[in-house]
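For the protein sequence lines, the chains are A and B, in the order given.
Each residue of the first sequence is one higher than the one before, starting from 21 at the first, in the numbering used here.
Each residue of the second sequence is one higher than the one before, starting from 271 at the first, in the numbering used here.
Hint data in this document are derived by calculation from the structure and do not stem from the laboratory.
From the three backbone atoms N, C-alpha and C, an ideal C-beta is built for every residue, glycine too.
Do not take every clue at face value.
Claimed, not checked - Stretch-level coverage of chain B by chain A, calculated; a stretch enters the list once three of its residues show a Cβ under 8 Å from a Cβ in chain A:
no. : segment
1   : 317–323
2   : 581–592
3   : 597–606
4   : 609–616
5   : 687–695
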Amino acid sequence: MSHNANTADSGKKGGISFGWILHSPLALPLIGLIVVSILMGFASENFFSVSNIMNVLRQVSIVGILAVGMTFVILTGGIDLSVGAVMALAGTIAAGLMVNTGLPGWIALLAGLGVGMGLGLFNGALVAWGRMPAIIVTLATMGIARGFGLLYSGGYPISGIPSWISWFGIGRVGIVPVPVIAMVVIYALAWVLLQRTPFGRHVYAIGGNELAAKLSGVKTQWVKLAVYGISGLTSALAAIILTGRLMSGQPNAGVGFELDAIAAVVLGGTAIAGGRGLILGTLIGAILLGILNNGLNLMGINPYMQDVIKGAIILLAIYIGREW
Amino acid sequence: MLQLTGIKKKFGNIQVLHGVDLNVRAGEVHALLGENGAGKSTLMKILTGILQPTEGTIRIEGEERKFANYDEAIEAGIGIVFQEFSLIPHLTAVENMFLAREMKNKLGLLDRRTMRARSKEILARLEVDLPLDVPITKLSVAEQQFVEIAKALSLNARILVLDEPTATLTPSEVEHLFKVMRELRKQGVAIIFISHHLEEIFEICDRITVLRDGEFVGDCNVSDVDNDRLVEMMVGRRIENSFPEKPGPRPGAKVMLECEEVQLRKNGPVSQFELREGEILGFAGLVGSGRTETALAMLGAFPATRCKVLVDGEETRFREPAEALAHGIGLLPESRKEQGLITSFSILQNISLNNYGKYRKYHWFIDLKKEMAASEAAMAQVRVKAQGATARVDTLSGGNQQKVVIARWLNHQMKVLIFDEPTRGIDVGAKAEIYQLMREFTAKGYAIIMISSELPEVIGMSDRVCVFRQGGIVATVEGDSINSEEIMTHATTGRVQNVA
Numbered sequence: 021m022s023h024n025a026n027t028a029d030s031g032k033k034g035g036i037s038f039g040w041i042l043h044s045p046l047a048l049p050l051i052g053l054i055v056v057s058i059l060m061g062f063a064s065e066n067f068f069s070v071s072n073i074m075n076v077l078r079q080v081s082i083v084g085i086l087a088v089g090m091t092f093v094i095l096t097g098g099i100d101l102s103v104g105a106v107m108a109l110a111g112t113i114a115a116g117l118m119v120n121t122g123l124p125g126w127i128a129l130l131a132g133l134g135v136g137m138g139l140g141l142f143n144g145a146l147v148a149w150g151r152m153p154a155i156i157v158t159l160a161t162m163g164i165a166r167g168f169g170l171l172y173s174g175g176y177p178i179s180g181i182p183s184w185i186s187w188f189g190i191g192r193v194g195i196v197p198v199p200v201i202a203m204v205v206i207y208a209l210a211w212v213l214l215q216r217t218p219f220g221r222h223v224y225a226i227g228g229n230e231l232a233a234k235l236s237g238v239k240t241q242w243v244k245l246a247v248y249g250i251s252g253l254t255s256a257l258a259a260i261i262l263t264g265r266l267m268s269g270q271p272n273a274g275v276g277f278e279l280d281a282i283a284a285v286v287l288g289g290t291a292i293a294g295g296r297g298l299i300l301g302t303l304i305g306a307i308l309l310g311i312l313n314n315g316l317n318l319m320g321i322n323p324y325m326q327d328v329i330k331g332a333i334i335l336l337a338i339y340i341g342r343e344w
Numbered sequence: 271m272l273q274l275t276g277i278k279k280k281f282g283n284i285q286v287l288h289g290v291d292l293n294v295r296a297g298e299v300h301a302l303l304g305e306n307g308a309g310k311s312t313l314m315k316i317l318t319g320i321l322q323p324t325e326g327t328i329r330i331e332g333e334e335r336k337f338a339n340y341d342e343a344i345e346a347g348i349g350i351v352f353q354e355f356s357l358i359p360h361l362t363a364v365e366n367m368f369l370a371r372e373m374k375n376k377l378g379l380l381d382r383r384t385m386r387a388r389s390k391e392i393l394a395r396l397e398v399d400l401p402l403d404v405p406i407t408k409l410s411v412a413e414q415q416f417v418e419i420a421k422a423l424s425l426n427a428r429i430l431v432l433d434e435p436t437a438t439l440t441p442s443e444v445e446h447l448f449k450v451m452r453e454l455r456k457q458g459v460a461i462i463f464i465s466h467h468l469e470e471i472f473e474i475c476d477r478i479t480v481l482r483d484g485e486f487v488g489d490c491n492v493s494d495v496d497n498d499r500l501v502e503m504m505v506g507r508r509i510e511n512s513f514p515e516k517p518g519p520r521p522g523a524k525v526m527l528e529c530e531e532v533q534l535r536k537n538g539p540v541s542q543f544e545l546r547e548g549e550i551l552g553f554a555g556l557v558g559s560g561r562t563e564t565a566l567a568m569l570g571a572f573p574a575t576r577c578k579v580l581v582d583g584e585e586t587r588f589r590e591p592a593e594a595l596a597h598g599i600g601l602l603p604e605s606r607k608e609q610g611l612i613t614s615f616s617i618l619q620n621i622s623l624n625n626y627g628k629y630r631k632y633h634w635f636i637d638l639k640k641e642m643a644a645s646e647a648a649m650a651q652v653r654v655k656a657q658g659a660t661a662r663v664d665t666l667s668g669g670n671q672q673k674v675v676i677a678r679w680l681n682h683q684m685k686v687l688i689f690d691e692p693t694r695g696i697d698v699g700a701k702a703e704i705y706q707l708m709r710e711f712t713a714k715g716y717a718i719i720m721i722s723s724e725l726p727e728v729i730g731m732s733d734r735v736c737v738f739r740q741g742g743i744v745a746t747v748e749g750d751s752i753n754s755e756e757i758m759t760h761a762t763t764g765r766v767q768n769v770a
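Using the sequences provided together with the hints, build the complete structure.
Spelled out as structure tokens, the structure:
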């Protein structure tokens, strides 16, 4: 008992101390990020240039935003496999509405957000009240969303959208790309939601012990509905950036992105069984993945080999982090 | 045939068996009796090699044996049918009986024909006929039990332990089981039979061994004792815990909660009771008698077929505990780790879990300062001993964990608190504190339902007691009738009213 108190004190006494970082769940993801960055810096001299860093962050933004919703879902002990497909459908419908019906662009974008959130709530309702396993529900939704996107567009990209939409994908404020700003804002909001609201505590409580949360009076089903709704919403937000970048609605976009989003969450130190993890960890995890992609590209490594290396690094990271 | 002598067992510092003897002869049905926690299960785990005794010897046919594990006990001819079956639900009876020792033919494939024939042979020995080719889940509970027994016999068991086999059976199934037991007795198998239902003991058993609080009380022939004598042996005279004084009934106390009917299962018994302001209503009964389920049904956490509850005279049906909380009814569950606490949370977070309505700023956000202040005040009120409010809750002792769960309910406008096994796994000192807290609550006008398997606790704390048996309330006792003989008699022989 007294031993615990001492270690806690020693962190505060010595002026500025970084001791808390070592005890934080962020320690391992941060160390991983630093180690990989240094390695990449040695391998490629361009790596640490400002333009390359901005480039990496911009590339990270879409998976990074998907991973925010995924973090909420995984913290409750669930999973959402539908994020990539929902993103593609939301983008395709938004683009389709702009091109085919002549709706003002911003209304079409709002409609896209509605589609994403609606599908998320659909997942959530089935998981919470239908008592169906999340992995199956969202796998089915993944198929449904992908199929609708292809049906709606006939399988072809929908182009010809208003040119100002591109601001979301490739615009800049100063030197900072708009998608990076969007990502940072979304992470900040997620942090507030998770750390400073009753809802956030309930998310962690459900992942920690759903039965105890329910018996103490937490409305567990509504909380679950909400986390899947959030995941659908972040998928649709990612869709706006994607649509702006590609200047079209792409029904085939985002295949496999759900796996990258899950990898970012897990690399960020969130327990896959739920209850433990930090949204900041997910950001670090997403950037770590982005750096790997970027660095391996800069080194000119065969793309097929890149997948093998990334997979191995994820396994290694989870092996190292499995204790806490 | 089987002789256990001077068996002692310690878990850490707690002595659970203080030198127990058990002598079982071939071809007899031997009852092992005692209240919950008397040490029956521990003794059976020692017999079957799952636990090792701290002291004492096991002899089979005069020869001293030591079992390092369950497999060695099976090897020596001991079979056990646990209360919770160890069958694989989706496999057939035959597949279950030969699990992990499947017979193979010359090609190394399963020799299904031989296994099937062998199963049939064993079941015939029990004079039981049941479908062999359907998944176990399609069989009745009794049939599943016969499969378990057959499995033990297929391993050449000569000593068979049946741990509360009748708890989940219907009367006609019990009859069938007894027929099988008589058949086995004729074949010279020694059966150790654990049951809380005394009339069953008189019907089927030859001899009895009684345990109480880990002590050996005695053994005797069934024909030498009667019902009252057995209850007395089981309950005995014991050192009473220090319970706070009962304030006695309040004149004109209003009814806070009236349960007009609860039916847990279709065709099961229907119970009713009422709960008055400032009283502790005990729910007594054996494990599995429906006490917890009844409480959970009222909160909307157990799917009862019927549940009609009046709160302050108004009919309500809660769909989930959150709705019960809004009406001022809260639960302190039986298992703190599984149902009560978020073990990865701090004390603070566990207390505030259902309290966030009260400390917010800007409507949406948690007011961290108020949260800390309120939680620390609640901790002080129930006297949680810990490093601080931010300590992780899994570092606390059982008693302090229970206090954290209690603290969660302090800041609500509660009317009814349901304590399920409030002192399980808690040391004596902390127990007294929890009892004290419960009385402080009732003094404030709360009403408490206390579910407990510990008879002294029920007697020492309750103003009135509902006694449960087989899924329903069989009797409600108050005043001087709250004594161990009365409660045990109702709990073991009381009759429930079955309503279609």
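| said: Could you work out which of the previously given hints the structure breaks and list their numbers from low to high? | reply: Hints 1, 5 contradicted; others consistent.
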